[in-house]
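What follows is the residue order along each chain.
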Amino acid sequence: MSLELIAQEGRRLPANVPARRVAVDAQQWTAVARQLQEAGAGLFTLWGADDRDRDGMFHVFAAFLVPGELVVLELAVAGDRPVYPSLERGFPVAARLQRAIHDLLGIRADEGDARPWLRHGGWPEDRFPLRKDFDAATACPGVSRPYPFVRVEGEGVHEIPVGPIHAGTIEPGHFRFSVVGEKVLRLEERLGYAHKGVAKRFEALPLLEGHRLAARVCGDSTVAFSWAYCAALEALAGATVSPRTASLRALALERERIANHVGDLGALGNDAGFAFGLTQFSALKERMLRLNREVFGQRYLMDYIVPGGVRSDVGPRTVRLLLDEGVGIERDVVALRAIYDEHAGLQDRFKGAGQLTPSIAKTQGAFGLVGRASGIEQDLRVTMPWAPYGELRPTAALRMEGDVAARVQVRFDEVMESLRLSRLLLEQLPQGSTSAPVAAVDSDRIGLGVVEGWRGPVMVALEAGAPSAIRRCHVHDPSWQNWPTVDHAIIGNIVPDFPLINKSFNLAYSGHDG
Amino acid sequence: MLNIIKRIRRTGILSDAPPESDQPEARVRGIHEHLHRVFGRALRIRHVDAGSCNGCELEIQALTNPYYNLEGAGIAFVASPRHADILLVTGPVSVNMEEALKRAYDVMPEPRWVIAVGDCGACGGIFGTSYATRGRVGDVIPVSATVPGCPPEPMALLQCLLHITSHPGQP
Ligand code: SF4
Numbered sequence: 000m001s002l003e004l005i006a007q008e009g010r011r012l013p014a015n016v017p018a019r020r021v022a023v024d025a026q027q028w029t030a031v032a033r034q035l036q037e038a039g040a041g042l043f044t045l046w047g048a049d050d051r052d053r054d055g056m057f058h059v060f061a062a063f064l065v066p067g068e069l070v071v072l073e074l075a076v077a078g079d080r081p082v083y084p085s086l087e088r089g090f091p092v093a094a095r096l097q098r099a100i101h102d103l104l105g106i107r108a109d110e111g112d113a114r115p116w117l118r119h120g121g122w123p124e125d126r127f128p129l130r131k132d133f134d135a136a137t138a139c140p141g142v143s144r145p146y147p148f149v150r151v152e153g154e155g156v157h158e159i160p161v162g163p164i165h166a167g168t169i170e171p172g173h174f175r176f177s178v179v180g181e182k183v184l185r186l187e188e189r190l191g192y193a194h195k196g197v198a199k200r201f202e203a204l205p206l207l208e209g210h211r212l213a214a215r216v217c218g219d220s221t222v223a224f225s226w227a228y229c230a231a232l233e234a235l236a237g238a239t240v241s242p243r244t245a246s247l248r249a250l251a252l253e254r255e256r257i258a259n260h261v262g263d264l265g266a267l268g269n270d271a272g273f274a275f276g277l278t279q280f281s282a283l284k285e286r287m288l289r290l291n292r293e294v295f296g297q298r299y300l301m302d303y304i305v306p307g308g309v310r311s312d313v314g315p316r317t318v319r320l321l322l323d324e325g326v327g328i329e330r331d332v333v334a335l336r337a338i339y340d341e342h343a344g345l346q347d348r349f350k351g352a353g354q355l356t357p358s359i360a361k362t363q364g365a366f367g368l369v370g371r372a373s374g375i376e377q378d379l380r381v382t383m384p385w386a387p388y389g390e391l392r393p394t395a396a397l398r399m400e401g402d403v404a405a406r407v408q409v410r411f412d413e414v415m416e417s418l419r420l421s422r423l424l425l426e427q428l429p430q431g432s433t434s435a436p437v438a439a440v441d442s443d444r445i446g447l448g449v450v451e452g453w454r455g456p457v458m459v460a461l462e463a464g465a466p467s468a469i470r471r472c473h474v475h476d477p478s479w480q481n482w483p484t485v486d487h488a489i490i491g492n493i494v495p496d497f498p499l500i501n502k503s504f505n506l507a508y509s510g511h512d513g
Numbered sequence: 000m001l002n003i004i005k006r007i008r009r010t011g012i013l014s015d016a017p018p019e020s021d022q023p024e025a026r027v028r029g030i031h032e033h034l035h036r037v038f039g040r041a042l043r044i045r046h047v048d049a050g051s052c053n054g055c056e057l058e059i060q061a062l063t064n065p066y067y068n069l070e071g072a073g074i075a076f077v078a079s080p081r082h083a084d085i086l087l088v089t090g091p092v093s094v095n096m097e098e099a100l101k102r103a104y105d106v107m108p109e110p111r112w113v114i115a116v117g118d119c120g121a122c123g124g125i126f127g128t129s130y131a132t133r134g135r136v137g138d139v140i141p142v143s144a145t146v147p148g149c150p151p152e153p154m155a156l157l158q159c160l161l162h163i164t165s166h167p168g169q170p
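The listed protein sequences derive, respectively, from chains A and B.
Counting in numbering that gives the first Met the number 0, the first sequence runs from 0 upward without gaps.
Counting in numbering that gives the first Met the number 0, the second sequence runs from 0 upward without gaps.
Quick caveat, the hints were computed from the structure, so don't treat them as lab data.
Errors might be hidden in some of the hints.
[Stated by the list, open to error] In the DMTMM-like style, the derived pairs of lysine to aspartate or glutamate whose C-alpha atoms are separated by at most 25 Å in a straight line are:
| id | chain 1 | residue 1 | chain 2 | residue 2 |
| --- | --- | --- | --- | --- |
| 1 | A | K131 | A | D109 |
| 2 | A | K131 | A | D54 |
| 3 | A | K350 | A | E293 |
| 4 | B | K101 | A | E124 |
| 5 | B | K101 | A | E188 |
| 6 | A | K350 | A | D331 |
| 7 | A | K361 | A | E341 |
| 8 | A | K502 | A | D412 |
| 9 | A | K502 | B | E70 |
| 10 | A | K502 | B | E152 |
| 11 | A | K502 | A | E152 |
| 12 | A | K131 | A | E73 |
Given only the sequences and the hints, what does the whole structure look like? Please build it.
Given below as structure tokens:
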């Protein structure tokens with residue numbers, strides 16, 4: 000009962016990266032998780048499913064990121080006593096995921112924080128929407144319940160509640176600061192305001208239409224999520240997409256990364272009192288979005304990735320346009336970067352602000368961009384490349400400082416690298432079709448799709464049900480890993496710096512709330 | 000500093016670029032002028048994300064980039080609904096945001112307008128109504144206009160502002 004168990008009993012899991020699945024009992028669940036943790040694995044995500052109609056059981060799945068592959072542990076949980084061992088001790092990200100699983104499915108981890116997370120009172124606490132016997136159309140009168148925030152006692156400590164509606168045009172969430180003077184002693188987040196019942200909604204869609212919902216889990220990461228969904232579906236169906244499709248998808252993903260990073264770089268300048276940065280970068284972003292519309296039909300590339308292919312092809316003229324645009328963006332970004340780097344006032348605000356130290360990032364299991372700004376060398380395009388990234392050989396950005404300045408630098412580095420990758424993709428675009436048939440899928444099989452989006456790794460775990468129906472679909476955004484790290488990064492900073500620090504993380508609300 | 004000035008000079012004033020008549024820039028300017036004429040003062044907008052996917056937010060944010068230059072046209076995004084003429088609402092109204100949305104609407108001064116943005120705000124979009132969503136904004140608070148699209152492009156948003164402010168007497 001150890002990692003050997005995985006080696007011996009692990010069954011290959013259909014996915015766009017190497018992945019294995021192994022059924023465990025409760026004792027093995029805990030033991031294997033501990034060994035995986037000791038071996039340096041990270042917990043990618045955790046989800047549950049109601050299979051009582053099939054075998055009288057619930058199931059909990061834990062997906063771990065081990066070097067070079069994904070390992071999914073699967074634990075059956077009795078339908079009449081739905082409790083499973085908590086993974087919170089070794090993997091802090093499990094805490095909120097376990098609370099969410101309870102809110103939606105009514106299966107509980109045996110220890111840890113038991114407060115609701117996604118359920119704010121909109122549905123009764125003894126009703127569980129993701130259970131098969133819960134009718135999706137059920138409307139409950141919303142009753143908002145007071146949420147038991149953790150109180151910080153002490154002389155001169157007071158609380159500042161912020162949200163769910165914020166001053167700027169951003170997503171809803173609530174932040175509760177405990178401060179002395181202006182200094183933050185503690186931040187507690189309350190999320191879930193954008194919960195739209197995505198997982199339940201998937202179950203009403205045909206397999207071949209789920210990508211449209213995946214594209215709308217998190218609008219700024221629409222390419223990443225729709226690719227992850229299509230990759231999971233294609234793996235299940237045994238469909239192979241053409242090299243041209245893979246290249247165009249990667250081009251879309253890199254354009255999404257560039258557009259978001261460029262937008263953030265402008266907003267970060269602005270939040271640090273440098274409106275010039277916002278003007279320049281937002282104009283740059285707008286030009287990219289307009290070219291997206293011209294070439295790909297939609298400004299954010301929404302619904303560009305479809306099962307088996309992409310919605311539209313490019314021709315020699317549009318390839319030329321894109322290549323020329325790349326040259327222009329690169330020239331502008333290099334110039335603006337020099338201005339940012341030399342601007343003393345800006346660097347003064349960036350440096351040292353909102354520091355997430357490498358050691359906390361490691362224990363918290365930080366993901367993606369935030370992790371890479373705090374010394375965590377992990378980028379799925381490099382560590383677990385799926386087509387076409389194996390051939391592209393991308394380089395991962397890495398900074399050790401963990402402050403706002405580091406997150407700014409990682410964005411600059413990644414824009415430059417994405418521009419390079421985009422150019423390679425366009426110059427070496429393989430010939431071929433951009434649509435492939437996606438055959439019928441056997442029911443009761445699970446497929447995974449993982450993609451390194453601009454924030455970090457996203458995953459779609461897709462289970463096929465009755466012919467061409469979705470039985471269960473779990474989506475994971477790296478913001479689950481990274482929201483708790485903001486609580487650490489803000490400690491000791493002053494409240495007026497929070498917008499800048501929060502923006503430097505720029506985590507998802509909708510993508511997290513589901 | 001010299002770098003910055005050079006860049007500003009090179010970038011120019013984008014929303015002012017000499018446009019041909021059918022170019023978006025010309026339409027943008029026409030809308031700006033109209034809003035000024037009708038209101039004679041800055042129009043104030045409060046945005047509420049009532050459970051959007053964040054796609055609509057990206058386009059609302061785009062309105063402030065130099066190409067649409069909303070702020071330059073005397074339209075301001077304000078931090079409180081108490082100071083707003085218009086509530087710009089996105090999302091299929093999540094159950095968890097319903098109360099906050101109603102409260103924001105209640106404290107707005109009259110006359111007030113509500114614009115439901117995006118397919119989600121206009122009709123519930125792909126999320127529809129469920130245990131977690133109430134669907135279109137109009138089922139939660141009174142709506143003056145809708146801007147369909149997923150997400151609607153900035154131009155469509157600008158045109159909607161033009162449309163509802165053309166009838167300022169009838170929110
Ligand atoms: S309309 Fe589209 S872009 Fe807007 S919130 Fe809904 S799904 Fe997202």
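Consistency of the hints with the structure:
no., hint, result
1, K131(A) with D109(A), "holds, 23 Å"
2, K131(A) with D54(A), "holds, 13 Å"
3, K350(A) with E293(A), "violated, 39 Å"
4, K101(B) with E124(A), "holds, 23 Å"
5, K101(B) with E188(A), "holds, 22 Å"
6, K350(A) with D331(A), "holds, 23 Å"
7, K361(A) with E341(A), "violated, 31 Å"
8, K502(A) with D412(A), "holds, 18 Å"
9, K502(A) with E70(B), "holds, 21 Å"
10, K502(A) with E152(B), "holds, 24 Å"
11, K502(A) with E152(A), "violated, 29 Å"
12, K131(A) with E73(A), "holds, 19 Å"
Comparing the model with each earlier hint shows violations of hints 3, 7 and 11; every other hint is respected.
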